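Asker: Sequence:
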Amino acid sequence: MNVHRGKTLSWSIVNGVAEAELHLAPCNEIGTAMLEDLERFLKALPELEQRAGALIFYSSRKEGFSAGADLRELHARSLEASERERLEGVRDFLLRIHHVLNTLDASPLTMIAAVHGVCFGGGLELALACDLIVADKMARFAFPELRLGLIPGFGGIPRLRRDVANSVVRDLLLTGRSINAAKALAVGLASQVAGEGEALRVARSAAAQILKFDRAASAAAKRFAKPIPLEELRREIDLFCELFARPAVMEGLRKFVESTDAHPYLP
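Heads up: the sequence shown at position 32 corresponds to 63 in my numbering, and the numbers run straight through without jumps.
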């Protein structure tokens, strides 16, 4: 097994299944380092698509799958930049992360997110780019961005709307509260719920089942069943940048950074 190891993300192929491990402390925050590793992973994706039939994203951090965007990095960079530089930097980051997630979304590989613990904000947006979410029974899902004066910016609203009812989208978005794995299964966000600590095992079992089928047929089924809402995704970037330009956002980031809560990302 040949493992390609990055600072935040490593990947390998095991029994015909590609596995991408998130391992950035404390909880796989998506900032510059994670984005750069995801872009490196994208360069390897064509080879993985030739050699594997499915791909599993999972986290080896006990805290969870991902707490979302790296807000501390975003705040620090914003303080160092002029308003124009701040907005240009945010738009550039969004364009890059959208390219990554759109490419994963469109891959002919069947992609599975094996989720445990925290799956919030950008972490949920990464999971939504996958085809199936297998949730540990202790997993929790949320979009807490509105408390910062923002909306999800990595494609969350269009992809969530693609998968679940609009009432669920509004609930997650407008309340900022988290839902558990049982609720995620009930509303169609998760496809399976696994026992505590069992999400990766169940995801591997699902991948083994996927490998039994013709790959061309699987890819065709994915394209037909899972259209990518590209126009809505472009509009999301514009709306995020409009909101990010407001002073209320910097104040929300400041409060987050200065929080003494052990888990300031929790709603």
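It is worth saying that the hints were derived from the structure and are not from the lab.
Mixed in with the good hints there might be a few duds.
[Stated by the list, open to error] Think about it this way: if two alpha-carbon atoms lie no more than 30 Å apart in a straight line, the pair counts; the simulated DSSO-like pairs of lysine-lysine are:
{"hint": "1", "residue 1": "LYS168", "residue 2": "LYS74"}
{"hint": "2", "residue 1": "LYS168", "residue 2": "LYS214"}
{"hint": "3", "residue 1": "LYS38", "residue 2": "LYS168"}
{"hint": "4", "residue 1": "LYS243", "residue 2": "LYS286"}
{"hint": "5", "residue 1": "LYS243", "residue 2": "LYS253"}
{"hint": "6", "residue 1": "LYS214", "residue 2": "LYS74"}
{"hint": "7", "residue 1": "LYS257", "residue 2": "LYS243"}
{"hint": "8", "residue 1": "LYS286", "residue 2": "LYS74"}
{"hint": "9", "residue 1": "LYS257", "residue 2": "LYS168"}
{"hint": "10", "residue 1": "LYS286", "residue 2": "LYS93"}
{"hint": "11", "residue 1": "LYS214", "residue 2": "LYS257"}
{"hint": "12", "residue 1": "LYS93", "residue 2": "LYS168"}
{"hint": "13", "residue 1": "LYS38", "residue 2": "LYS74"}
{"hint": "14", "residue 1": "LYS74", "residue 2": "LYS93"}
{"hint": "15", "residue 1": "LYS168", "residue 2": "LYS243"}
{"hint": "16", "residue 1": "LYS253", "residue 2": "LYS214"}
{"hint": "17", "residue 1": "LYS243", "residue 2": "LYS38"}
{"hint": "18", "residue 1": "LYS257", "residue 2": "LYS74"}
{"hint": "19", "residue 1": "LYS214", "residue 2": "LYS93"}
[Stated by the list, open to error] FRET-style restraints, in silico, Cβ to Cβ:
{"hint": "20", "residue 1": "LYS168", "residue 2": "ASP123", "range": "15 to 21 Å"}
{"hint": "21", "residue 1": "GLU282", "residue 2": "GLU116", "range": "28 to 34 Å"}
{"hint": "22", "residue 1": "ASN211", "residue 2": "LEU66", "range": "46 to 52 Å"}
{"hint": "23", "residue 1": "THR134", "residue 2": "ASP194", "range": "15 to 21 Å"}
Here the structure is a predicted model, which is why all the values come from computation and not from measurement.
Yeah, the Cβ is synthetic: ideal placement off N, Cα and C, and Gly gets one too.
Asker: Would you mind marking each hint as holding or not holding in the structure?
Answerer: Now for the hints, and whether the structure bears them out:
Taking the CA atoms of LYS168 and LYS74, the gap is about 33 Å. The hint is violated against a cut of 30 Å. In summary, the hint linking LYS168 to LYS214 is supported, as the alpha carbons are separated by about 10 Å, within the 30 Å threshold. The hinted pair formed by LYS38 and LYS168 meets the criterion: a straight-line CA distance of about 28 Å does not exceed 30 Å. A C-alpha spacing of about 50 Å is found between LYS243 and LYS286, which places the hinted pair above 30 Å, so the restraint is violated.
Proximity of LYS243 to LYS253 is assessed by CA-CA distance (about 16 Å); at most 30 Å being required, the pair is judged to hold. A hinted pair counts as satisfied when its Cα atoms are at most 30 Å apart, and LYS214 with LYS74 does not qualify at roughly 36 Å. Between LYS257 and LYS243, the direct Cα distance comes to roughly 21 Å. Compliance with the 30 Å bound is thereby established for this hinted pair. For the hint pairing LYS286 with LYS74, the CA-to-CA distance comes to about 37 Å; that exceeds 30 Å, so the pair is violated.
Under the criterion of a C-alpha separation no larger than 30 Å, the hint pairing LYS257 with LYS168 is consistent with the structure, at around 26 Å. At most 30 Å may separate the alpha-carbon atoms for a hinted pair to count; LYS286 and LYS93 meet this at roughly 26 Å. About 22 Å separates the Cα atoms of LYS214 and LYS257, which keeps this hinted pair within 30 Å; it holds. Among the hinted pairs, LYS93 with LYS168 is consistent with the structure: their alpha-carbon atoms are about 14 Å apart, no more than 30 Å.
With a C-alpha separation of about 16 Å, the suggested pairing of LYS38 with LYS74 holds against the 30 Å cut-off. For the given pair, LYS74 sits about 28 Å from LYS93 by alpha-carbon distance, which is consistent with the 30 Å threshold. About 27 Å separates the Cα atoms of LYS168 and LYS243, which keeps this hinted pair within 30 Å; it holds. Our distance criterion of 30 Å between C-alpha atoms is met by LYS253 and LYS214, whose separation comes to about 25 Å.
The suggested pairing of LYS243 with LYS38 is violated, with an alpha-carbon distance near 33 Å, which exceeds 30 Å. Taken as a hint, the LYS257 and LYS74 pair is honoured in the structure, with Cα atoms around 23 Å apart against an allowance of 30 Å. Annotation: proposed proximity of LYS214 to LYS93 holds, straight-line Cα distance about 22 Å (limit 30 Å). Taking 15 to 21 Å as the suggested C-beta distance range, the pair LYS168 and ASP123 does not conform, at roughly 39 Å.
Taking 28 to 34 Å as the suggested C-beta distance range, the pair GLU282 and GLU116 does not conform, at roughly 19 Å. For the hinted restraint 46 to 52 Å between ASN211 and LEU66, the CB-CB distance of approximately 29 Å leaves it violated. For the pair THR134 and ASP194, the supplied restraint of 15 to 21 Å holds, since their beta-carbon distance comes to about 19 Å.
Hint violations for this structure: numbers 1, 4, 6, 8, 17, 20, 21 and 22, all remaining hints satisfied.
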